[in-house]
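Let the sequences and hints guide you as you build the complete structure.
Chains as they are written, first to last, in the working numbering: chain A, 1 to 312; chain B, 313 to 593; chain C, 594 to 941; chain D, 942 to 1273.
Source of the hints: derived by calculation from the structure; they are not laboratory data.
The beta-carbon is built from N, C-alpha and C at its ideal position, and this holds for glycine as well.
No incorrect hints appear here.
Derived lysine to aspartate or glutamate pairs resembling EDC-like cross-links, with alpha carbons at most 16 angstroms apart:
1) K483/B / E662/C
2) K1067/D / D1117/D
3) K1071/D / E1090/D
4) K72/A / E61/A
5) K81/A / E55/A
6) K311/A / E1099/D
Some chain D residues well away from chain C (every beta-carbon gap over 12 angstroms; in silico):
7) S954
8) R1063
9) N1094
10) L1242
11) A1245
Non-contacting residues of chain A with respect to chain B, defined by C-beta distances greater than 10 angstroms in every case (computed):
12) W64
13) I83
14) L110
15) P232
16) T238
17) L298
18) R309
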Amino acid sequence: MSRYRFVLYRPFQLIPVLIGISIITFVLIRSIPGDPARVLLGPRTTESALARVREQFGLDEPLWLQYFYFVKNLFKGELGKSILYKVDVLKLIATRIEPTLVLVIGSVLLALLIATPMAAIAARRRGSWADHLIRIISTAGLGFPAFWLAIMLILLFSVQLGWFPVTGYGRTFWEKVHHMTLPCLTTGLALAAVLTRNLRASILAELQSDQATAARARGLPENVVFWRHVVPNSLVPTVNLLAVNIGWLISGSVVIETVFAIPGMGQLLIRGIFTRDYMVVQGVAMVFACATVLVNFLADILTVTIDPRVKL
Amino acid sequence: MSGTRAISARRIRWPGTVTPLVLGAAILLTWLLIALFAPLLAPYDPIYQDAAVRLQPPSWAHPLGTDNFGRDILSRVIWAARIDLQIAVFGVVFPFVIGTVAGSISGFFGGWVDTIFMRVIDVVLAFPFLVLMLAIITITGPGLGSFYIAMALVGWVSYARLIRAQFLVLKNSDFAMAAVSLGYSNSRVMFRHIMPNAILSSVVFSMSDAVLVLLNGAAISYLGLGVQPPVAEWGIMIAEGQGFITSAWWITTFPGIAIVTLAMGFSLLADGLGEALGVRE
Amino acid sequence: MSAPVLLDVRNLSVKFPMARSRMGLGPRRSLNAVSDVSMRVAAGETVGLVGESGSGKSTFGRAILRLGELTRGEVLLDGQDMARARGEDLARLRRETAMIFQDPYGSLNPRLTVRQAIGEVLHVHGKKGAAGRDARIVELLELVGLDATLMDRRPGDLSGGQCQRIGIARALAIEPRLIVADECVAALDVSIQGQIINLLMELGQRMHLGMIFIAHDLAMVRRLCDRIAVMYLGRIVEEGPTEQVFKAPRHPYTRSLIEAIPEIDPARMLPSAPLPGEPPSPVNLPEGCAFHPRCPLARSECRTAVPPFVGGAHRAACILAPGGRLNEVGENLPETTPATPTERIETC
Amino acid sequence: MTDAPILTVNNLSVAYEGGGTSHTIIDGVSFTLRRGEILGIVGESGSGKSMTCRALMRLLPSSRLRVTGGSVWLEDGRDVLSLSQGELTQVRGRRIGMIFQNPASHLDPVMSIGRQIAESIRHHRKIGRKEAWARMLDILRQVGIPDPESRANAYTHEFSGGMRQRAMIAVALACDPDILIADEPTTALDVTVQAQILRLLQQLRDERGLSIIFITHDLGVVYQLCDTVAVMYAGRLCEYGAMHEVIHRPRHHYTAGLVACQPGSEGGTGRVHTIPGQPPSPGDMPPGCRFHPRCGAADALCAARQPPLRETHEGHACACHHPVGIEAEAEA
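The structure is reproduced here in structure tokens:
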């Protein structure tokens, strides 16, 4: 169990990264030309609101003090108010988290569901037509723009077949499942292309590894060798790959939410950019960054669980 | 057993005799020629609006159909190759140069220099790629120039990490130590011995990175924050056609195919180069 | 050896700091790779440094050439301390010493041809103008028994033995006076090993080189070296003229090591009860004599104090060795009478 | 050692096929193994000693390598090379166990040692979990791993080099095979640990009647361990016979050279005897006797015709036109 001790102290090691994240978001907003208070509140505002913001962030103070106020507000859970929606950014984000979370988790599950059998088939029947087909499709899949794939899937499943709604999110559980299937499939397919290629390569390497040869040499049937010795060892790099790709997946969800008009954080971000709602942009970026850090932390725990050699 | 090792060395074989390197290079060369000779190849002016031929399906006059402004899709796809190739090239070159310099300094000198670089890289990597790019574009305003700036500010970390890792391995390799023991200067060891070997993997990576850059560029244009209309660019074309998918599927379909083929060219070239140079991702 | 001392290493120690455990709050630990090692090499003399993996022999070899860290001690080259040398002094060390590595392929830059690799050395050290350079490269290749036709090949096209010869030619190109050869035949086949050993032997004599030959193969060391030093867990436990050490080892570890060589000799079959166990981690060295947990002759004294390194030209660090605390008379080690073979196996 | 062979390898050949060409890697290797016998197969890198054993276990490392001929007879008269996949899994591990040079890479890093052994036991003998676990502890004890109850739950990386090799021997012996193929098991170990492992193998032979094929490049190890020895060069068997006979009275010039090359020979001092040149590469084999370009006694016949493996004495065979110490009669 001592291998898991890092769970206790890793959060402290992440402090520098979190400070870095806060500095970047702080700097980003401050580097917009013009009066920061006006930038933060948008064009139509009152003098009293301006004065309140100036006081809250100490805008006439030196920069380091402004950063201090910024962090202090962060600890109080205040990311500022949205210009467009006139509510606290954090509260706004809270209402938008669910669809994004569903999209990301759904895509990962779908991608694993697609990629694992594909990679297993391709690697075990190496050189067969099935392998060639899977490799060509997955290599091509790397270059599919998610937003275009989304439109193509809409064209097929929504317009031609009418199986799924074109846009939106829904209210009840089943409505949500119905609405989120196509978006999850879109990002899931894109991720599956990456996963299949990597998983196939690591399964192939493991199939030829010394330990697999030794397992065959002690008389274990090929199926046992594959599922008990090859696959568990190939999963180690895959978990890392998934963790690395979480940022990419969030990026993808931003675009996909726009295509399908899903009321998630990505859509919030894009709207924020177009309406110059800087507080929203800053808040969403920060939440996304923290989520990435959290996912990487979880991936570390998973890696330690499946690979006893890893010490963190 | 050097003999058996050579025999059992894994080689990725692609169907037939066409290697990924050749196929990838052929695809890229084709798109390059299309982009170069766009004025000769395109049958129409890409931004000329002809109200008489709005939303025409593919025909002999308009092989890939027309859009809602009556512009010829084929001509637009051809002209857009210029922009999208440029996106892929510049979107890779700037991060490549910055990342290589930062990574080699960090890896070669180590110590506090390395610590600072690694912290910065950790922080940049904590942000989802596109989110940070969008945040930067928010400040710099939409446009291709903003895209390149954002790309350079965000994309260098991958190269820096890769080069740094290579440097750390190569710095402790026997041949680098041999070079030091032979009395070579630091800069000679770094530039003549470590760098040429370290840079190989980034060159291969840059090919697969070009795919990501291309998709990002198209996505940002699709979101309306990159290339601005009426310029022909595949991402914008897809966005413009989205409203007409029920009636005019060709407006979105063909630019998408163009992106997929160009990206495939880069991917194949990356696979082929990696295999030829013995670099694994 | 009456020849002047070329290299004089005094009390060299190398410690590698280790990351603190428990988030940097645990005790600061360090790995004692080399502890308090002294060694002298005269011009024209070959000294063998043997020991098992983890004994610190390679770390020592790198430290004296300033290719690795060095915590304490002096490295005198012609009487001048190089342990902390910088700039021109360090450049002199580089000019006069060379290293031959274990991995014949890994120690050559895979992208350079033989001509480029050796030519670069000549260029950097200003040994020959561009005109005479090729002739010198041919000369060096012939010196190590290679054909000049290999000039434009890269390491990937050459065999292990050929690469190792190129490594030697490159080392000779700087005209060194001291060579450190780190396990330079370990990766080669037996028939090729002999060729390289003979070559080193010839070159050492002809060019009056000082040489430190680091190896785990004692039989090879016996062929090549005038003197031999045996390392165990970062310390030299025995040192002396090669034949004396082989014929009458004074440290129990040396004796076990020699006994464990599988020889083609009906009189020298492997012991039925081989030395048990394996060296412990250099992070937690045992108290007293580091060998005592494996030593068949260990006494209670061995657990408390590090034995002094005593005994003239043939020295050993054991209280039972001639001159040691329990052996003032100078008799050789007593024969070991271990327990039954199976019992031994189970305790190891 | 009894006389009935427990394993007979007959004319085994392996070829590498790829890129439109095919060259022979192993060319007609034959030998027999008796119960309780330790057979040493010696040769340098690329001689095919390892490949021979992979081939007879049907574990060739690449799909481009193919057994092109020969047979491998078990005691019960079955040919390993013509077994079905199902039968093969009953032979591997159950009849023939195998250990390798690098135990760190040949053991599953993410499964504990105990579970790997128990897995093999349960696969070959349909017994319960508890029984398999008890048997596993017993085997760990037999190979000299102290405190097996707690070490069984440890992973490969938590063992020292010598203990890893013991663990791998335990894995190979889990199902009590008659034959153990040991592919350079001591090459990566320090000499003192090597001596321990050699001793352990000898004990296992003595106590269980295990037959061992020991692959090595070190003639000294062969001398210390083996009863018979087969010398391989460039994919062919060049000499085969009782160990003392072959090493003290080598007939093949390559064997003679190899014995003289040992650094410990001739009192162990002075210049080392060497064999000039280097072994040929698989794609570029010389015609006739493959050793002739490096051989001092070679003549036109050697360059033209491949010498067959012939018995020169009782139980001592050699593939040479001009065997050492046997003059004119070789011409016949």
